[in-house]
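Participant: For reference, the chains in residue letters:
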Amino acid sequence: GGIITQTPKFLIGQEGQKLTLKCQQNFNHDTMYWYRQDSGKGLRLIYYSITENDLQKGDLSEGYDASREKKSSFSLTVTSAQKNEMAVFLCASSILGGHYAEQFFGPGTRLTVL
Amino acid sequence: TQTVSQSDAHVTVFEGDSVELRCNYSYGGSIYLSWYIQHHGHGLQFLLKYYSGNPVVQGVNGFEAEFSKSDSSFHLRKASVHWSDSAVYFCAVSSNYNQGKLIFGQGTKLSIKP
Numbered sequence: 001g002g003i004i005t006q007t008p009k010f011l012i013g014q015e016g017q018k019l020t021l022k023c024q025q026n027f028n029h030d031t032m033y034w035y036r037q038d039s040g041k042g043l044r045l046i047y048y049s050i051t052e053n054d055l056q057k058g059d060l061s062e063g064y065d066a067s068r069e070k071k072s073s074f075s076l077t078v079t080s081a082q083k084n085e086m087a088v089f090l091c092a093s094s095i096l097g098g099h100y101a102e103q104f105f106g107p108g109t110r111l112t113v114l
Numbered sequence: 001t002q003t004v005s006q007s008d009a010h011v012t013v014f015e016g017d018s019v020e021l022r023c024n025y026s027y028g029g030s031i032y033l034s035w036y037i038q039h040h041g042h043g044l045q046f047l048l049k050y051y052s053g054n055p056v057v058q059g060v061n062g063f064e065a066e067f068s069k070s071d072s073s074f075h076l077r078k079a080s081v082h083w084s085d086s087a088v089y090f091c092a093v094s095s096n097y098n099q100g101k102l103i104f105g106q107g108t109k110l111s112i113k114p
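Those protein sequences? They're chains S and L, same order as listed. So for the first sequence, this note's numbering puts the first residue at 1; every next one is plus one. So for the second sequence, this note's numbering puts the first residue at 1; every next one is plus one.
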């Protein structure tokens, strides 16, 4: 088995601030994802990475940057936090080549912007 | 464009009751359907998937789902729910045409009364 670790668990920022969320996985999976989850809504894909140093934009990439520094880690940056923004950011990973591969999720980072 | 619709935002049943959580999708090609569960404060966990073959698939903890091409549905069922099944359930679809990206429904919150 493996685990996905997300840090920090809670993130409080100020309007306009640049904020970075980190994700680590020890599944040895090739593909990693960042999703945004808003209350009462489904998950929306922000960025994903098929392999190390690869980056692909999802449906919600505007306002975010991502970085896949190595196979086991995937970072997400909120480039300019929006006032009153509240959401949970979920990181996930899966084996390469699987539109039929299950995704494994981390516990999430809860963002609050004051 | 692929879409996933979960028509019930909230379902409440008594412990021991059967339950069906509905999922409808719109897509004409070869697809992969899955269900995930999210307990409060946690990330998503994979429950089951369908890609081909027997349209009734079994998952963990007594859950099963049935694929229907004619109805464009993939409903999740459980014969007898336990209080620990209280969670939010997400249906998701992906295909070869979107590089394996999962499209999630809005989620159905299942509440279990004692």
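The reader is advised that the hints may include incorrect statements.
[To be verified] Here are the computed lysine-lysine pairs in the DSSO-like style, where the Cα-Cα straight-line distance is at most 27 Å:
| hint | chain 1 | residue 1 | chain 2 | residue 2 |
| --- | --- | --- | --- | --- |
| 1 | S | LYS18 | S | LYS70 |
| 2 | S | LYS9 | S | LYS41 |
| 3 | S | LYS57 | S | LYS41 |
| 4 | S | LYS71 | L | LYS109 |
| 5 | L | LYS78 | L | LYS113 |
| 6 | L | LYS78 | S | LYS70 |
| 7 | S | LYS22 | L | LYS101 |
| 8 | L | LYS49 | L | LYS101 |
| 9 | S | LYS57 | L | LYS69 |
| 10 | L | LYS78 | S | LYS18 |
| 11 | S | LYS9 | L | LYS101 |
| 12 | S | LYS9 | L | LYS109 |
| 13 | S | LYS9 | S | LYS83 |
| 14 | L | LYS78 | L | LYS49 |
| 15 | S | LYS83 | S | LYS71 |
| 16 | L | LYS69 | S | LYS18 |
| 17 | L | LYS101 | S | LYS71 |
Bear in mind the hints are in silico, worked out from the structure with no lab data behind them.
Participant: None of the hints should be skipped; say for each whether it holds.
Facilitator: Status of each hint after checking the structure:
no.: 1; hint: S:LYS18 x S:LYS70; in the structure: 22 Å, holds
no.: 2; hint: S:LYS9 x S:LYS41; in the structure: 20 Å, holds
no.: 3; hint: S:LYS57 x S:LYS41; in the structure: 20 Å, holds
no.: 4; hint: S:LYS71 x L:LYS109; in the structure: 34 Å, violated
no.: 5; hint: L:LYS78 x L:LYS113; in the structure: 15 Å, holds
no.: 6; hint: L:LYS78 x S:LYS70; in the structure: 41 Å, violated
no.: 7; hint: S:LYS22 x L:LYS101; in the structure: 21 Å, holds
no.: 8; hint: L:LYS49 x L:LYS101; in the structure: 15 Å, holds
no.: 9; hint: S:LYS57 x L:LYS69; in the structure: 30 Å, violated
no.: 10; hint: L:LYS78 x S:LYS18; in the structure: 44 Å, violated
no.: 11; hint: S:LYS9 x L:LYS101; in the structure: 25 Å, holds
no.: 12; hint: S:LYS9 x L:LYS109; in the structure: 23 Å, holds
no.: 13; hint: S:LYS9 x S:LYS83; in the structure: 20 Å, holds
no.: 14; hint: L:LYS78 x L:LYS49; in the structure: 15 Å, holds
no.: 15; hint: S:LYS83 x S:LYS71; in the structure: 33 Å, violated
no.: 16; hint: L:LYS69 x S:LYS18; in the structure: 46 Å, violated
no.: 17; hint: L:LYS101 x S:LYS71; in the structure: 19 Å, holds
In terms of the numbered hints stated before, the structure departs from hints 4, 6, 9, 10, 15, 16, listed from lowest to highest.
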